[in-house]
Every structure is written in structure tokens, then in C-alpha cells.
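J.: This is what each chain is made of:
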Amino acid sequence: MTAVAGGTSAAEGAGSGEDAFLAAFDAAVAAEERIEPRDWMPDAYRATLVRQMAQHAHSEIIGMQPEANWITRAPSLRRKAILMAKVQDEAGHGLYLYSATETLGTGRDELLDKLHAGRQKYSSIFNYPTLTWADVGAIGWLVDGAAITNQVPLCRCSYGPYARAMIRICKEESFHQRQGFELLLALSEGTPEQHAMAQDAVDRWWWPSLMMFGPPDGESAHSAQSTAWKIKRFSNDELRQRFVDICVPQAEALGLTLPDPDLRWNEEKGGHDFGTVDWSEFQAVLKGNGPCNEERITQRRRAHEDGAWVRDAAAAYAAKQAAGSDEKAVAA
Amino acid sequence: MSEQTEWPLWEVFVRSRRGLSHTHAGSLHAPDAELALRNARDLYTRRGEGVSLWVVPSAAITASSPDEKDPFFAPAADKPYRHPTFYEIPEGVKHL
Amino acid sequence: MSAALALADDALVLSHRLGEWAGHAPVLEEEVALANIALDLLGQARSLYSLVGDEDELAYLREERAFRNVQLVEQPNGDFAHTFARQLYFSAYQLPLYRALAATDSDLAPLAAKAAKEVEYHLDHARTWTLRLGDGTEESHARMQRACTALWKFTGELFQPVEGLEADPAALEAEWLVDIREVLERATLTLPDGPRLGGWAAGAGRQGLHTEPFGRMLAEMQHLHRSHPGATW
Numbered sequence: 001m002t003a004v005a006g007g008t009s010a011a012e013g014a015g016s017g018e019d020a021f022l023a024a025f026d027a028a029v030a031a032e033e034r035i036e037p038r039d040w041m042p043d044a045y046r047a048t049l050v051r052q053m054a055q056h057a058h059s060e061i062i063g064m065q066p067e068a069n070w071i072t073r074a075p076s077l078r079r080k081a082i083l084m085a086k087v088q089d090e091a092g093h094g095l096y097l098y099s100a101t102e103t104l105g106t107g108r109d110e111l112l113d114k115l116h117a118g119r120q121k122y123s124s125i126f127n128y129p130t131l132t133w134a135d136v137g138a139i140g141w142l143v144d145g146a147a148i149t150n151q152v153p154l155c156r157c158s159y160g161p162y163a164r165a166m167i168r169i170c171k172e173e174s175f176h177q178r179q180g181f182e183l184l185l186a187l188s189e190g191t192p193e194q195h196a197m198a199q200d201a202v203d204r205w206w207w208p209s210l211m212m213f214g215p216p217d218g219e220s221a222h223s224a225q226s227t228a229w230k231i232k233r234f235s236n237d238e239l240r241q242r243f244v245d246i247c248v249p250q251a252e253a254l255g256l257t258l259p260d261p262d263l264r265w266n267e268e269k270g271g272h273d274f275g276t277v278d279w280s281e282f283q284a285v286l287k288g289n290g291p292c293n294e295e296r297i298t299q300r301r302r303a304h305e306d307g308a309w310v311r312d313a314a315a316a317y318a319a320k321q322a323a324g325s326d327e328k329a330v331a332a
Numbered sequence: 001m002s003e004q005t006e007w008p009l010w011e012v013f014v015r016s017r018r019g020l021s022h023t024h025a026g027s028l029h030a031p032d033a034e035l036a037l038r039n040a041r042d043l044y045t046r047r048g049e050g051v052s053l054w055v056v057p058s059a060a061i062t063a064s065s066p067d068e069k070d071p072f073f074a075p076a077a078d079k080p081y082r083h084p085t086f087y088e089i090p091e092g093v094k095h096l
Numbered sequence: 001m002s003a004a005l006a007l008a009d010d011a012l013v014l015s016h017r018l019g020e021w022a023g024h025a026p027v028l029e030e031e032v033a034l035a036n037i038a039l040d041l042l043g044q045a046r047s048l049y050s051l052v053g054d055e056d057e058l059a060y061l062r063e064e065r066a067f068r069n070v071q072l073v074e075q076p077n078g079d080f081a082h083t084f085a086r087q088l089y090f091s092a093y094q095l096p097l098y099r100a101l102a103a104t105d106s107d108l109a110p111l112a113a114k115a116a117k118e119v120e121y122h123l124d125h126a127r128t129w130t131l132r133l134g135d136g137t138e139e140s141h142a143r144m145q146r147a148c149t150a151l152w153k154f155t156g157e158l159f160q161p162v163e164g165l166e167a168d169p170a171a172l173e174a175e176w177l178v179d180i181r182e183v184l185e186r187a188t189l190t191l192p193d194g195p196r197l198g199g200w201a202a203g204a205g206r207q208g209l210h211t212e213p214f215g216r217m218l219a220e221m222q223h224l225h226r227s228h229p230g231a232t233w
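Residue numbers (the UniProt record's numbering), protein chains in the order written: chain L, 1 to 332; chain A, 1 to 96; chain P, 1 to 233.
Treat the hints loosely; a few may be bogus.
Claimed, not checked - Among chain L residues calculated to face chain A with C-beta under 8 Å, some are:
#1 R38
#2 G92
#3 L95
#4 Y96
#5 S99
#6 E102
#7 R108
#8 D109
#9 A314
#10 A315
#11 A318
#12 Q321
Derived by calculation from the structure, the hints in this document are not laboratory data.
Ideal placement from N, C-alpha and C gives every residue a C-beta, glycine not left out.
Take the sequences, apply the hints, and build the full model.
T.: Structure (C-alpha cells):
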């Protein structure tokens, strides 16, 4: 535990004072003030944040895999550089989010252990495979696009460190979406084979992207409380609608179609109507039966286990150096 | 030997350009100060965000009151005479 | 510009190898660090290729035997120790080379001056890890020693003369040896004493003779580009 991290504040365990603290907390949230690590907060608020932020962090680092899959095969040096920088950003975003989570008193190792043991989740979208180069573009345009739609409101989330991490991430993320769009545009306007590759990728990634907003509002387990706490600002369905409305004209600009026969403009609601997401697929992937669940977690676990001797070495070296300088201090 | 020793946490402060002070940017894990500084460089300044870095072990930071409010900071709120706007100056007086 | 091509191939191939680490690094902070180094090298390669011709034609449409990189950079990543032994050997060669080139009035000078700053950091990073792995745990020491020894035979090639390269190989080699000796000693590692050049393959990479893993690396790197002749990406 560090001075900067939260955890047990003096207030906790006071019992009788709890009501007063809760009232102060509620008032702060209502007044759009940010909650900071060492403030008193309800246990459930802390738990919700840890769950959501950890899942978010895990998604960033698992999300490196499907795209890293193409770094060695990127078809031009320019694209290779862009893709490497993007995958690197994802590692960086994971780091920002893990450190934000650590302010709540949960260490990164503990979070990683839970991920590796399958006790914490990451976004199901990364359990889909990247089969062609165009998938890199589809991930940038659709998956990152959906992520940004989800994340922009989080920049105003009631928990300060999370909101600050999200501001940094959203700033960096906009390059991700643009490069994806640009990549797809080059394919769409390229040879017939390239165009077909782009369309195939969009066909495969469209529906899973819509699932990224989570189950319909009526069935969302955590939504109501998260909204009250101002962790969540818009409902799953609101965000999904916003995303569809953003994508339709972009798809047109790309010269690609979205694989939904029911997609059409509804003048009355001022938005698009669209088909029903296959929630049974969503549930199946969530439960571990997606195309790549096993591979993703296995690779993550292996990287961590294979790296243990490296982390140990650096820790041992640091300990030796510290002991050495103590000896010198004593000698002096 | 693999006792899963987690590397300690460090707080990172970045000076975005000369003339400005170092500002807290975030944190990271590193086994020692040397690597903490290098990791901070790679993580927090890869888009040219800084010209100078500080890293401080998180454990070395002593924070003020747990809830960041009273009684540390409230007493400062009722001393308006510390601020220049407290004082009324006749019109036309300059350089004050 | 055979000199530019040789240096470009070095940078591209090493960048590609480092890119293979993405998603596999021992700790997240190192994911970011390795990618930074890979991106620096890729940038160097692209600038160097621009002096020779079209970067993508050069990278994607040459056969294995036309590549002029040293064999050291094409060696597979192995474990983290192998990757950093390779980084140490190569950065300690690249830094004095770029510094020497920066001081000439050749076409390479401006680029070398910029790259030298990047490589200074790469070398620093490699030293940092060499010390920690060498003087860390028993296991890390053994792994780092093994890696330094295994890659030793690829280091003589670094100092074979390259046509058009305005740098004195003997001087570079002397500086390199001093550097490596100093780092390995501080890291409690033994300077390998085997030959620094392979038997039949002396100076091979620079003449287009490579090791087996390189062909597979190129096959992977070039496959997509070659599958769509004339396409733009």
C-alpha cells in the first residue's frame, strides 16, 4: 500500500459515521465533483470500479494480440510502422489503466493473476480472429470506433484517476480509428481483391462491434448503479445507436456496405433502425466459447510465465545494488 | 528463484517544456530508479510530451489528510486578505 | 549506394525481429520499450532506403540473397537474454558507426546524426538489461552468458569493410571491443573467447549469404505484399 493509493482510509470501519460519509460521497458525486483515491467511498463503488477498470486494462493488453498478429506481415513499411505504434499504444493504455486501478489499492500482479486464472474478463471482441490484413483496418475503424464511443463519456467519470487515464487514452485513440479507416479506404479503392478483402472484414467485424456496447438496457446487470454513481453516463443502447449513426455515412464514404438488411434511416426518431444483435453468440463468446478465447489467454499466460525470470533478475539486481549502497553508507 | 516479487510502484512527473514545472503524469512499475526513469521516458513521453522527468517511489510520498478536505484546507478559505482583490484602490492609481 | 542499403537492411531486419516481441514481452513496460526501439530502427531503414530507391520495392521485392544485412540482426529472438545480447552487440556497433558517419560530408551524415541519438538510447537500454540479467539471479546469469556466447560468432562480420562506407572498421572494432568488455565485466559475465567469424561464412550477410531463419522471416514479411503485385496499401 502506498501513500498515494487508496485502501483503508481513517474513516473506514468507523461504522456509526458511515451514514455521514455516504451522504458526503453522494453529494460529491451529485455535484459532479471527482472522487479521489483517498476519499471515503462505498465498498461497492470501489469494487465496481476495480472490476470495470481491470476489465478495461485487460482488454487493452489482450487486444494487442489480434493486431500484433499482422505486424510481421504488414504489406508496406509505412503500415508496419503505424501498426507497431498502435499496438504499442495499447500496451501503454493498459499501463495507464492498471496504474489507475492501483490507486484503489489493488496491485497489478493481483489483477494479472485474476486475468490469467480467468477470474476477470476482457472485452469479448478480442476473441475473434484477424484472418486477413483488412481485419487490422476493421479493428481500427469499427472496434476502436466503438471503444471511443464508449470511452469518451468515461473522461467525465466520477472517479478521478479513471477519468484522467481516459482523457489521455482518448487523445491517443483517435489516431487508431483514423488509421483503420484510411487502411480500409486504400483497400476499398484498390484492386478488386483488396476491395473484397475489406468488405469481408467489415462483414465479420460489424456485429461483434455492436456487441461491444453490452447487452440491451433491460438486461444489463450493472447499468443502473453505475449510472447513479456517474461511472456510466449513457445506456448501452444509447451508445450503440450513436455508433450506428456515426458508422453509416462513414461506410458510404468507404464504399463498403454494412451487413444488415434491416439498416435504414428512421426520420421520426432521427436515427437509424437496425437489425437485432445475435445475443446468443455474445453469451457464447463471453462464456469462453469464442473462436480464440483459449489462444488469447494462453499466450498472455505464457508471456507472463516466460518473463518471470526476467522480472526476478531485475528485482534481484535492484536488491543487490541497494544492499551495496547501504554497505557503502555504513563504511562512510 | 521465482517468488513473484512485484516490482515497486513509481510516480512519474513530466516537465512538458522548459519554463514549466514538473506535473504528475501517472505511475508505473520498475525494479529500480534507473529502469523507472527509462520506462517513464518510453511510456509518458513517446509523443514528445516532455523535456525532463522525475520518478519517485510511490511509497516515499506522504499525503495530506485522507479525504483531501477539512481540516487541512478549509481554514485557508476564509482569509480573503491574502488575495489582491481584497483591497480597494482609488480609481486612477496605477502600477498597484 | 551499397552502404546505405546495407545499413537499411540491418535496421529493417532488426526492427522486424523486435516487432515479433509484441504481445510476448516479460512485462508491459518492456512492450513499450521494445516497440520504441523497433520504431526507431524502422524509421532509420526508411530514411536510408529513400536514398536508394522505393522503400517497399526494396523491402518486399528483393530475394533473400539480395539483402545486405549482417547475420547478427536476422538471428531469431530466442529468449529475452538472446534479444538483449543481440541488442547490445548491435547497438554498440551502430552507435560509433553513426557517430563517425555524422562527422563526414557524405549523404548519410544528416541521417546518421539523427539516428545516433536514437541508438544512444538503444545502447543504454541494452546495457541496462545486460547488467540486470548478468548480475541478477543465477538463472538470468546463465541465460545471459549463454546468449552472449551463442551470438559471439556473428560479431566479427560487423567490422568487415563495406563499399562506400566512410568509417574505419578497425577503429570501430577497437571501440566496440572496449565497450563490450566493460559492460560484460560489470555484468559479471565472461567475454566469450570463441571465433568471431563463422568458418565458411566470413562476412557473409554483407555479400548476401544469410542463415536459415532469415529465409523464413522474409517469407512471412513479404508474403502479403507479393501476393498482390502492383497493389497500393
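J.: Confirm or reject each hint.
T.: Okay, the hints, checked on the actual structure:
1. R38: 5 Å, holds
2. G92: 6 Å, holds
3. L95: At about 6 Å, which falls below the 8 Å cut-off, the nearest Cβ of chain A leaves the hint on L/L95 intact, so it holds.
4. Y96: 6 Å, holds
5. S99: With a minimum Cβ separation of about 4 Å from chain A (threshold 8 Å), the hint on L/S99 holds.
6. E102: Hint on L/E102: holds, closest Cβ of chain A at ~6 Å, below 8 Å.
7. R108: Hint on L/R108: holds, closest Cβ of chain A at ~6 Å, below 8 Å.
8. D109: Nearest chain A Cβ about 4 Å off; hint holds.
9. A314: 4 Å, holds
10. A315: 5 Å, holds
11. A318: 4 Å, holds
12. Q321: 6 Å, holds
When the structure is compared with the earlier hints, no violation turns up for any of them.
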